[in-house]
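Visitor: Now for the letters of each chain:
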Amino acid sequence: MNRNIIYFDNAATSWPKPPEIIAAMQNYMQNIGGSPGRSGHRLSIEAARIVFDTREKISQLFNVPDPLRIVLTRNATEALNIAIFGFLKTGDHVITSGMEHNSVMRPLRAMEARGIDITVVSCDSEGILDPVNIVKAIKKNTKAIFITNASNVTGTVMPVSDIGRIAREHGLVLCVDAAQTAGCYPIDVIEMNIDLLAFTGHKALFGPSGTGGLYIREGLEKSIEPICVGGTGSRSEVEVQPDFMPDRFEAGTPNTVGIAGLRAGVEFILSKGVAQIKNKEEKLVQMFIDGVRELPGIILYGQKSMELRTPVVSFNIAGMDPAAVALDLDERFGIMSRSGLHCAPSAHKTIDTYPVGTVRFSFSYFNTEEQIITSIEALQKISKSRI
Amino acid sequence: MNEKPQYSVMLFKAVSYVLKAEKILKKEGLPHKLIPVPKNISSDCGICLRFEPALQSKIEVALLNKVEIEEVRALKE
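Going down the list, the sequences are from chains A and B.
The numbers in this note's numbering rise by one with no breaks, and the one at position 21 of the first sequence is 21.
The numbers in this note's numbering rise by one with no breaks, and the one at position 64 of the second sequence is 64.
Calculated from the structure, these hints are not laboratory results.
Note that the Cβ used here is the ideal one computed from N, Cα and C, for glycine as well.
Accuracy of the hints is not assured; some may be wrong.
Just a sample of chain B residues kept apart from chain A, beta carbon distances all over 12 Å, derived [said to hold, decoys possible]:
#1 Tyr-7
#2 Lys-13
#3 Ala-14
#4 Ser-16
#5 Glu-22
#6 Leu-34
#7 Pro-36
#8 Pro-38
#9 Leu-55
#10 Lys-58
#11 Ala-62
#12 Leu-64
#13 Glu-68
Quick list of simulated restraints, FRET-style, between CB atoms [said to hold, decoys possible]:
#14 Gly-91/A <-> Asn-40/B: 43 to 53 Å
#15 Gly-29/B <-> Ala-23/A: 22 to 32 Å
#16 Pro-355/A <-> Lys-26/B: 54 to 64 Å
#17 Lys-58/B <-> Gln-60/A: 22 to 32 Å
#18 Pro-38/B <-> Asn-27/A: 26 to 36 Å
#19 Thr-90/A <-> Leu-55/B: 49 to 59 Å
#20 Glu-307/A <-> Pro-53/B: 36 to 46 Å
#21 Pro-38/B <-> Arg-165/A: 50 to 60 Å
#22 Glu-112/A <-> Lys-26/B: 22 to 32 Å
#23 Thr-90/A <-> Ser-57/B: 28 to 38 Å
#24 Asn-63/A <-> Pro-38/B: 47 to 57 Å
#25 Asn-40/B <-> Gly-231/A: 21 to 31 Å
#26 Ile-69/B <-> Gly-231/A: 22 to 32 Å
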């Protein structure tokens, strides 16, 4: 690894990955290589064991009662597309928030054109959602609530448990986008009343890109049409898609090498424990915020509470273009950040940074206090140089 | 003359179900083997569980309410 690089873009994709992930992927490519669930030879069975074991470990992480409730997808976006395109029907009303990523908003807007009614519940300027506003938005034909677990722009964690209770009381389906939380924030699908949980593998779960999944509560799969159908290795004699989990939503050969990496990533998370990971990341966020809060011209976004946020900090330096700040951070200081709208225009409208956006730092378990100090010093220099 | 061992096979919906069953049987210490589904039994391209017929009820109890079994058949040579 290049020691001069400080990687603060973990909310886009995490890096570096634990070495176990690379070893697991290499082991699959070198020694296993078979197609899971297709043939009956030992290498095919070994590949299928990897895939099944991945479902089992993911289930353990999210307290899913049965590993077969986990559909493996190529990312959270595909999982959300299954949940939105497969589940909603013309005439349905859905509720979402003003802090959503385009992975939720674009499929929902596409469904709007097909006769789905959408209410976008506003959040305050720190990105905080008041669950009372969800209750107020419920109509006779409301079918589901689509909500991010935490904003990718501000790190603000949504009151998912409260929303889950509301969904249960009103007989609504709750779909949670856990792209920013899976692996670094506790998730319990039973306790939180989550019916659909979309997650990605390549962020806090430390898997490679091209991995992710969707948890579907028992029985709900019958109300969801697959958006992709084809070979599953099961029911080969029949020319219609199987109706059972997870095959109903898993057509085509899966990304087995990626899944092997994802399994190692989830194993890593389970061995450390989400609480320990969160604790370390919270300290880094606190240290960074304390170090930059007094800098001239700095504007920090998101809520003050460390408890209810992921390791994501958005900021601006007054009078400076966030893209110029990000470029300077990269070229002069070797710090990788992300500037702009972060695929979440409505979140930026909520925190009043649209259309310019912000600079975003997103930390991981592998960042160090030393790196935080270096980044604070870099921002001191950049903020001094502003016109 | 030694008699050829007799086996039964247990069929499931899909390979992931077989693997779920395999994990449970391993834990319970019930001997079994995963084999490709014999073509005289089903045209499915997957795998199934092979076991000694005497173990059938023990296996069924172990999998009860955990893995849905499609069917159990005697394996003919």
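Visitor: If a hint holds in the structure, say so; if it does not, say that too.
Guide: Hint check results:
{"no.": "1", "hint": "Tyr-7", "result": "15 Å, holds"}
{"no.": "2", "hint": "Lys-13", "result": "5 Å, violated"}
{"no.": "3", "hint": "Ala-14", "result": "4 Å, violated"}
{"no.": "4", "hint": "Ser-16", "result": "5 Å, violated"}
{"no.": "5", "hint": "Glu-22", "result": "8 Å, violated"}
{"no.": "6", "hint": "Leu-34", "result": "6 Å, violated"}
{"no.": "7", "hint": "Pro-36", "result": "3 Å, violated"}
{"no.": "8", "hint": "Pro-38", "result": "10 Å, violated"}
{"no.": "9", "hint": "Leu-55", "result": "20 Å, holds"}
{"no.": "10", "hint": "Lys-58", "result": "22 Å, holds"}
{"no.": "11", "hint": "Ala-62", "result": "16 Å, holds"}
{"no.": "12", "hint": "Leu-64", "result": "14 Å, holds"}
{"no.": "13", "hint": "Glu-68", "result": "8 Å, violated"}
{"no.": "14", "hint": "Gly-91/A <-> Asn-40/B: 43 to 53 Å", "result": "50 Å, holds"}
{"no.": "15", "hint": "Gly-29/B <-> Ala-23/A: 22 to 32 Å", "result": "31 Å, holds"}
{"no.": "16", "hint": "Pro-355/A <-> Lys-26/B: 54 to 64 Å", "result": "57 Å, holds"}
{"no.": "17", "hint": "Lys-58/B <-> Gln-60/A: 22 to 32 Å", "result": "27 Å, holds"}
{"no.": "18", "hint": "Pro-38/B <-> Asn-27/A: 26 to 36 Å", "result": "31 Å, holds"}
{"no.": "19", "hint": "Thr-90/A <-> Leu-55/B: 49 to 59 Å", "result": "52 Å, holds"}
{"no.": "20", "hint": "Glu-307/A <-> Pro-53/B: 36 to 46 Å", "result": "58 Å, violated"}
{"no.": "21", "hint": "Pro-38/B <-> Arg-165/A: 50 to 60 Å", "result": "51 Å, holds"}
{"no.": "22", "hint": "Glu-112/A <-> Lys-26/B: 22 to 32 Å", "result": "49 Å, violated"}
{"no.": "23", "hint": "Thr-90/A <-> Ser-57/B: 28 to 38 Å", "result": "50 Å, violated"}
{"no.": "24", "hint": "Asn-63/A <-> Pro-38/B: 47 to 57 Å", "result": "39 Å, violated"}
{"no.": "25", "hint": "Asn-40/B <-> Gly-231/A: 21 to 31 Å", "result": "23 Å, holds"}
{"no.": "26", "hint": "Ile-69/B <-> Gly-231/A: 22 to 32 Å", "result": "24 Å, holds"}
Checked against the numbered hints above, the structure breaks hints 2, 3, 4, 5, 6, 7, 8, 13, 20, 22, 23 and 24 and satisfies the rest.
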